[in-house]
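Trainee: Next come the chains, spelled out residue by residue.
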Amino acid sequence: MPQGYASSSSFPSDRLSVLLADLRAGRPLVQCLTNSVVTNFTANALLALGAAPAMTDIVGEAGPFAQIADGVLINLGTPTPEQRAAMIEAATACKATGTPWILDPVAVGALPIRTALAAELLELGPTVVRGNASEVIALCGGAGGRGTDSTVQPEDALDAARTLVIRHGVGAVAISGETDLIVGPDGVWTVPHGHPYLTLVTGGGCALGAVIAAFAAVAQDAQEAAVAGSVAWEVAAELAAAEAAGPGSFAVGLLDRLHGLSPQLLRDRSAVTSLEVAQA
Amino acid sequence: MPQGYASSSSFPSDRLSVLLADLRAGRPLVQCLTNSVVTNFTANALLALGAAPAMTDIVGEAGPFAQIADGVLINLGTPTPEQRAAMIEAATACKATGTPWILDPVAVGALPIRTALAAELLELGPTVVRGNASEVIALCGGAGGRGTDSTVQPEDALDAARTLVIRHGVGAVAISGETDLIVGPDGVWTVPHGHPYLTLVTGGGCALGAVIAAFAAVAQDAQEAAVAGSVAWEVAAELAAAEAAGPGSFAVGLLDRLHGLSPQLLRDRSAVTSLEVAQA
Amino acid sequence: MPQGYASSSSFPSDRLSVLLADLRAGRPLVQCLTNSVVTNFTANALLALGAAPAMTDIVGEAGPFAQIADGVLINLGTPTPEQRAAMIEAATACKATGTPWILDPVAVGALPIRTALAAELLELGPTVVRGNASEVIALCGGAGGRGTDSTVQPEDALDAARTLVIRHGVGAVAISGETDLIVGPDGVWTVPHGHPYLTLVTGGGCALGAVIAAFAAVAQDAQEAAVAGSVAWEVAAELAAAEAAGPGSFAVGLLDRLHGLSPQLLRDRSAVTSLEVAQA
Numbered sequence: 034m035p036q037g038y039a040s041s042s043s044f045p046s047d048r049l050s051v052l053l054a055d056l057r058a059g060r061p062l063v064q065c066l067t068n069s070v071v072t073n074f075t076a077n078a079l080l081a082l083g084a085a086p087a088m089t090d091i092v093g094e095a096g097p098f099a100q101i102a103d104g105v106l107i108n109l110g111t112p113t114p115e116q117r118a119a120m121i122e123a124a125t126a127c128k129a130t131g132t133p134w135i136l137d138p139v140a141v142g143a144l145p146i147r148t149a150l151a152a153e154l155l156e157l158g159p160t161v162v163r164g165n166a167s168e169v170i171a172l173c174g175g176a177g178g179r180g181t182d183s184t185v186q187p188e189d190a191l192d193a194a195r196t197l198v199i200r201h202g203v204g205a206v207a208i209s210g211e212t213d214l215i216v217g218p219d220g221v222w223t224v225p226h227g228h229p230y231l232t233l234v235t236g237g238g239c240a241l242g243a244v245i246a247a248f249a250a251v252a253q254d255a256q257e258a259a260v261a262g263s264v265a266w267e268v269a270a271e272l273a274a275a276e277a278a279g280p281g282s283f284a285v286g287l288l289d290r291l292h293g294l295s296p297q298l299l300r301d302r303s304a305v306t307s308l309e310v311a312q313a
Numbered sequence: 034m035p036q037g038y039a040s041s042s043s044f045p046s047d048r049l050s051v052l053l054a055d056l057r058a059g060r061p062l063v064q065c066l067t068n069s070v071v072t073n074f075t076a077n078a079l080l081a082l083g084a085a086p087a088m089t090d091i092v093g094e095a096g097p098f099a100q101i102a103d104g105v106l107i108n109l110g111t112p113t114p115e116q117r118a119a120m121i122e123a124a125t126a127c128k129a130t131g132t133p134w135i136l137d138p139v140a141v142g143a144l145p146i147r148t149a150l151a152a153e154l155l156e157l158g159p160t161v162v163r164g165n166a167s168e169v170i171a172l173c174g175g176a177g178g179r180g181t182d183s184t185v186q187p188e189d190a191l192d193a194a195r196t197l198v199i200r201h202g203v204g205a206v207a208i209s210g211e212t213d214l215i216v217g218p219d220g221v222w223t224v225p226h227g228h229p230y231l232t233l234v235t236g237g238g239c240a241l242g243a244v245i246a247a248f249a250a251v252a253q254d255a256q257e258a259a260v261a262g263s264v265a266w267e268v269a270a271e272l273a274a275a276e277a278a279g280p281g282s283f284a285v286g287l288l289d290r291l292h293g294l295s296p297q298l299l300r301d302r303s304a305v306t307s308l309e310v311a312q313a
Numbered sequence: 034m035p036q037g038y039a040s041s042s043s044f045p046s047d048r049l050s051v052l053l054a055d056l057r058a059g060r061p062l063v064q065c066l067t068n069s070v071v072t073n074f075t076a077n078a079l080l081a082l083g084a085a086p087a088m089t090d091i092v093g094e095a096g097p098f099a100q101i102a103d104g105v106l107i108n109l110g111t112p113t114p115e116q117r118a119a120m121i122e123a124a125t126a127c128k129a130t131g132t133p134w135i136l137d138p139v140a141v142g143a144l145p146i147r148t149a150l151a152a153e154l155l156e157l158g159p160t161v162v163r164g165n166a167s168e169v170i171a172l173c174g175g176a177g178g179r180g181t182d183s184t185v186q187p188e189d190a191l192d193a194a195r196t197l198v199i200r201h202g203v204g205a206v207a208i209s210g211e212t213d214l215i216v217g218p219d220g221v222w223t224v225p226h227g228h229p230y231l232t233l234v235t236g237g238g239c240a241l242g243a244v245i246a247a248f249a250a251v252a253q254d255a256q257e258a259a260v261a262g263s264v265a266w267e268v269a270a271e272l273a274a275a276e277a278a279g280p281g282s283f284a285v286g287l288l289d290r291l292h293g294l295s296p297q298l299l300r301d302r303s304a305v306t307s308l309e310v311a312q313a
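Chains as they are written, first to last, in the working numbering: chain V, 34 to 313; chain Z, 34 to 313; chain X, 34 to 313.
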């Protein structure tokens, strides 16, 4: 937990088990416009979870598909000109139809083209923003980090996340770190799950964006989707890490464990609590 | 087996073992113009099988390479403008040189750009069409499904497959499902192999298209290539599923088992029979 | 060892352990402009090794990123027009800032567009060229092979490699094969490590280029980086192969073993020796 804060009430963990059961019953169609490095792992993560992935990201199809998708991920990792245009097309369609969509502003701040694109996408009203602390700060106009490494801690991005929620109307901001912070209009949830191996597998964070998009199709609101997605992904990671011989077998086991994750286990292991400023 | 049908004669399983041995001896060069999600898994599947993959899919190289390739796969999963032009270039070269090529019309019908592209490619004479029932129906002009999910059964696509063979000159149509149907000018073979895990790994169907392209380099005709490719891929899947803890370890084991698949085992496990209309 | 040659002095294996320890302490940022087939495996290999990958390969970002990267890989496997322009941009930035960069001329010679691109990139002064014998010969203007298969042996490319070093100012040329040859201004090192499974996993060679780029960030010179990268990658492969059931589990184990590779083990297993013309 970040220094200077104290946790108080627990997240209603029964909701986590209901949401996972609902997701599997509904098999939401999740469209991903994501970077070329993680398309395979992201699609496999969605399949293992129980969702139906579709990586439709070309101009002329991205918009029509977003209209029938149940959730959309837009990840800025390797944004070619074609994909940038398709992302605007998809986000515009989401805005028109109310399809929930997740923005993952990979490495914004450090790099000019994606930084401009992220600002444009932010105006189209993402349901959830997911990134590390540097990326969240940079999306708000602050100074970014180098690549996907975050040089600051999640709590350093709390003000930026609150600004995204209050001024830009983002439904929730999921700040990834050793303990994730999920910031929404009603407060902040801390997700103390996961494992360092997640940072040694490319797409460990990018796939979480897709998982949150899948939960957004069944959740009541953006913050609930971000909490449920983060807990499901990271509890599966904990189970996989306990059996892994290194990052290679961890990534394989993560898909196995995500597929085998039971709603009951998700409920029982959840350690999500609200974040409050500690009393002096 | 589809209701209303009865099986009769068995596919000559000795041919399967001969074809796999021939493939490994010849190490056919298989060019893949495929979607960005499955390039890695597809190339690894070809290597594990004993073929030599080359994912050459840019304008100016796709055509020249198709002239030296032994088999070509064209998969419409994520068709960027550059790749669309390269696909036309490769299929045109295949038509000129007689190189066998496989068309996988991913998600046609539901999406406009690939549907138009598929129609254009169909005119260039694919050796084999491989898809699920919805895709095969849509390629014939019928109503398609959503994404790569098929909402209809393989036998529902039999008429469409026969139309592709008779009117469009396609050598064989491989309709994927719990039991695959391989439709050619001389009838229909049923392939009752595989495992549900294949639907939980992205590329489980796409890689089969590449495997069929590899067998097309050594087979006597298109239908034989489609049968052999389907049986090899799906028997390896059965072996891998028996040892898997989930879809992650299944995908890894599938490559191991494909590499270790012996011609004898392929022959012994084959349960391919011809499909006949059941007598009342 | 190639016929007609004899080995003499050993490579100072203490340097290998120092370099691996330095790499892990420094966590170099390695930018990869590589082919779409191997982006995921390459990024995971760099993470497992202890480096920080970034696959920034679009116009307008590739150059600025190369200025802050510690090492850059340019691999010509699937060079779209967008990526070709980004490669020139990145290599130009490397030349200006002195960032070490690796050129992997995949399948040059056989294919026109990448062959022209490789010639243009060669003028921008790569620190290391890594390829199989056919590719090294073709980069020098000789006749290339088909795809990524090499139809000639590493020692057949020695003259071409020496030409690249002497006439084109390349720091070192790493010729991959059963025994790799690392050619530099001071002579030739033989690296008798690795395993045939590396040829059955796509990216087995491409990822080595990225590993060399990571070592180039901490090495004293290009040849040392190429030796250290080759030994680290191939010793990890030997360890993984000893436990693998096939190419699928080998690739997974390779990442595990790369992550667990200790500087001491690298030093102890190194069998690198200099290559001398055998006395008659």
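Just so you know, these hints were derived from the structure itself, not from any lab.
Be a bit skeptical, because a hint or two may be false.
Short, incomplete list of chain X residues facing chain Z, as computed with Cβ under 7 Å [to be verified]: (1) Val70; (2) Thr148; (3) Leu150; (4) Gly210; (5) Leu233; (6) Ala275; (7) Ser282; (8) Gly293; (9) Ser295; (10) Leu298.
Remember, predicted model here, so these are calculated numbers, not experimental data.
We treat Cβ as the ideally placed atom computed from N, Cα and C, and that holds for glycine.
Trainee: Now tell me, hint by hint, if it's right for this structure.
Mentor: Status of the hints after comparison with the structure:
1. Val70: holds, 4 Å
2. Thr148: Given a least distance of 10 Å, the restraint on Thr148(X) is violated.
3. Leu150: violated, 11 Å
4. Gly210: With a closest approach of 17 Å, the Gly210(X) hint is violated.
5. Leu233: This interface hint holds because 5 Å falls under the 7 Å limit.
6. Ala275: violated, 15 Å
7. Ser282: OK, holds: Ser282(X) within 7 Å of chain Z, min 5 Å.
8. Gly293: violated, 18 Å
9. Ser295: Constraint on Ser295(X) not satisfied, violated at 25 Å.
10. Leu298: Hint violated; Leu298(X) Cβ to chain Z Cβ min 25 Å, cut 7 Å.
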